[in-house]
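A.B. asks: As given, the protein sequences belong to chains A and B, one line each in that order.
-16 is the number of the first residue of the first sequence in our numbering; add one for each residue after it.
-16 is the number of the first residue of the second sequence in our numbering; add one for each residue after it.
Read the hints as simulated data drawn from the structure, not as lab findings.
One or more hints might be untrue.
Identical chains blur together in the list; that is why a pair holds if it fits in one copy or across any two.
In silico SDA-like pairs for lysine to any residue, Cα to Cα no more than 20 angstroms straight-line [said to hold, decoys possible]: (1) 356 <-> 304; (2) 112 <-> 230; (3) 338 <-> 152; (4) 96 <-> 359; (5) 338 <-> 105; (6) 14 <-> 274; (7) 112 <-> 340; (8) 338 <-> 74; (9) 121 <-> 5; (10) 356 <-> 332.
2 protein chains.
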Amino acid sequence: MTTRSPLAPAAFPTLPDIAGVSRRVARAQYKNWDRCDLTYVELVPGTAVAGVTTRNICCSTEVEMCREGIAHGRARALIVNAGNANAFTGYRGREAVEQIVAQVVAHLDCDPKEVFVSSTGVIGVPLPKDKAREGLAKVIGFAGPPASWEDAARTITTTDTFPKGSAASAIIEGRTVQVAGIVKGSGMIAPDMATMLGYIFTDAAVAPALLQDMLNEATGATFNSITVDSDTSTSDTVLLFATGQAGNAPLTTRDDPGADALYAAIHAVALDLAQQVVRDGEGASKFIEVQVSGAVSDESARRVALSIANSPLVKTAIAGEDANWGRVVMAVGKAGEPADRDRLAIRFGDHWVAKDGLPVDGYDEAPVAAHLKGLEIRVGADLGLGEGRATVWTCDLTHGYISINADYRS
Amino acid sequence: MTTRSPLAPAAFPTLPDIAGVSRRVARAQYKNWDRCDLTYVELVPGTAVAGVTTRNICCSTEVEMCREGIAHGRARALIVNAGNANAFTGYRGREAVEQIVAQVVAHLDCDPKEVFVSSTGVIGVPLPKDKAREGLAKVIGFAGPPASWEDAARTITTTDTFPKGSAASAIIEGRTVQVAGIVKGSGMIAPDMATMLGYIFTDAAVAPALLQDMLNEATGATFNSITVDSDTSTSDTVLLFATGQAGNAPLTTRDDPGADALYAAIHAVALDLAQQVVRDGEGASKFIEVQVSGAVSDESARRVALSIANSPLVKTAIAGEDANWGRVVMAVGKAGEPADRDRLAIRFGDHWVAKDGLPVDGYDEAPVAAHLKGLEIRVGADLGLGEGRATVWTCDLTHGYISINADYRS
């Protein structure tokens, strides 16, 4: 990995073991690099699964097959290939994924729909079948100690500068259940779609339909509320696995005792993982929270917030620690949502810079400039029209983003 | 002006005089710079006017007043202030514009609606009234020689690196009529709205309604088909003035003899000016033409083309001369328009790199890499679904864009 993002957490967190989940990593050498790039997670029989995937129409074979597996509702294994997205590779790419699934089915004697494969990296190059087969052979049936969460989190990365994990717990009728997740993502991150690659595991017993319901709700305010560069991956996938090993009576509805607590834990893990992706945004030097209030609806507020969060001019101004709030006005006005210039108010941090269509009386830029020198920036816009509100997270746009992306394949 | 864009034309073109149009420039010192920044254009009585303005909801007072003038249909003067956009400045900004209009009305004894004012530069700072009054006093009633087109084109600029002008002519029933235009724009350029600041003049006699009809049509395929950074100015304005001094019988419908020829000249000037804005895109090192065909409709093709043209990952790849066509696939897929991964074809220049959902057989990257080393890049996507097609123009995304915009106000 390259230099760790200045916005990274101090260290990888301690994640609990999730009963029914075992991990292995291997070197498939999908790229010519000195690291593991194949992750294999085996799940106990009976594990429920939920998932959300990219809305990008040109999605990968992996995503199409994940959707079939999600509909099936049960999972036995997850394989993640890093360094090659295998997207837009036609029948050759599909053959590679089918080979991986067949190899796992032969080992676990399970339904092919219960094997989930993700791939991430360059688009348009078929995943090399020989490397996949040899890499997978190293981890299937391996008897030694499992890979750590941190190893797995590191093995699924591509341009990420730090491995990302999070955990929470909940109590279901007196039993503690654990939730742990890992995620990768740094660029090609846009919120209109599912997300990058994220995997969350719990030992709680949950029916697949309820699990899916919880994941859909959690994703909206977490993975779907972040943006790095407004670009949406062809491979975005978040999967949530519930092994049922905690021994609780299986949850089937949100009214079941403990369901709300479990949801809160899932939401907390998803939010932390999503924000870590922004903190590792390509070239990021500032973490930015955009809060919009006073919109005609929450959805309208969200669109305005994304217009601000995706504006190259807003993002470069913040990179330059420049309180150029006129660009926030511009981004509100171009969003295509109801707004009234003369009721609009803008703030940085807790400092209002403009209200009712003009700069505030006696505007003092000093505290605003001080806020912008920090690593955590908050931008607020109140539209003054209604009760709609939304929060999204993004990072600034810097020379680092250009350097990383003008020369990605070499 | 800073270093001239590598994509700039060799020199400012020779533009014809337009009878009934006289120009003056002055130093109002809206910023502390060593250049003219106030442009005054006086138009002969009877001049017709048409215009298109930004769709940004947070538009400036200038834009609101231009709209009233466009509805009126007649013009006597145009004033352009550079260095201060006077947008989001509330009643203070409005007072400054009203003072300018009153000063011109006192001189010309005309209807206030016939005075058009534009301002461009930083948002949120009221235009200084004293500087405007003193600057305008230097040019109103000035008896010496008019400013050249190049002087005027240079005086309306802000971050532009070269002045932009274009001209064409047409024959209306045996009489030659002239069309000449100037434009400024470099950043905060997005095509969903009207445009930056552009002014086109003709000596043809044309009824205001027909003039507006011609401008609307020309704008769609020119100023509204370019993007630098997907950000839309609060001040975007294009005005088209027709002085009627050519002596032709006034045109009132598109069926009148010569109307098509005049339209073609207006379209040619608008297209050249729009492409010059892209050639001066902030930090641009490549001029990019994006052609989409095979879409279900022209409008759908346009949205897909804009998704490609606005993708930071596509633009940085081209800056890096990297044939990373997977990013074009990604941008097609995220556009939200009908597309079928397995019918999609992508090309750079005339070289097809992918067809029917996978790389072309025997793909040779050498000629593609050679095309990408040039200054003029063509990206094509055929969706294979229908007859819809569209072309848009953009530039690459480079370190220069970050440098310019992270430190714009200092």
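A.B. asks: Using 20 angstroms as the alpha carbon limit, work out where residue 96 and residue 359 are close: within a copy, between copies, both or neither.
C.D. replies: Classified as neither: same-chain Cα gap 43 angstroms, cross-chain 48 angstroms, threshold 20 angstroms.
A.B. asks: Could you figure out if residue 112 and residue 340 sit no more than 20 angstroms apart (CA to CA) within one copy, between two copies, both or neither?
C.D. replies: between (60 angstroms within a copy, 19 angstroms between copies)
A.B. asks: Is it within a copy, between copies, both, or neither that the alpha carbon of residue 356 lies no farther than 20 angstroms from that of residue 332?
C.D. replies: within (11 angstroms within a copy, 44 angstroms between copies)
A.B. asks: Between the shortest in-copy and the shortest cross-copy C-alpha distance, which are at most 20 angstroms for residue 338 and residue 152: within, between, both, or neither?
C.D. replies: This pair counts as neither: shortest intra-copy Cα distance 43 angstroms, inter-copy 48 angstroms.
A.B. asks: Measure nothing new, just compare the shortest in-copy and cross-copy C-alpha distances for residue 14 and residue 274 to 20 angstroms and report within, between, both or neither.
C.D. replies: neither (40 angstroms within a copy, 33 angstroms between copies)
A.B. asks: Under a CA distance limit of 20 angstroms, which applies to residue 112 and residue 230: within one copy, between copies, both, or neither?
C.D. replies: neither (40 angstroms within a copy, 76 angstroms between copies)
A.B. asks: First find the shortest C-alpha distance between residue 338 and residue 74 inside one copy, then the shortest across copies, and answer within, between, both or neither for a cut-off of 20 angstroms.
C.D. replies: The answer is between: 13 angstroms across copies meets 20 angstroms, while 57 angstroms in one copy does not.
A.B. asks: Evaluate residue 356 and residue 304 at a C-alpha cut-off of 20 angstroms and name the case that applies: within, between, both or neither.
C.D. replies: within (6 angstroms within a copy, 34 angstroms between copies)
A.B. asks: One pair to classify: residue 338 and residue 105, alpha carbons no more than 20 angstroms apart. Within, between, both, or neither?
C.D. replies: between (46 angstroms within a copy, 18 angstroms between copies)
A.B. asks: I want to check one pair: residue 121 and residue 5. Are their C-alpha atoms no more than 20 angstroms apart within a copy, between two copies, both, or neither?
C.D. replies: within (15 angstroms within a copy, 80 angstroms between copies)
When each numbered hint is compared with the structure, violations occur for hints 2, 3, 4, 6.
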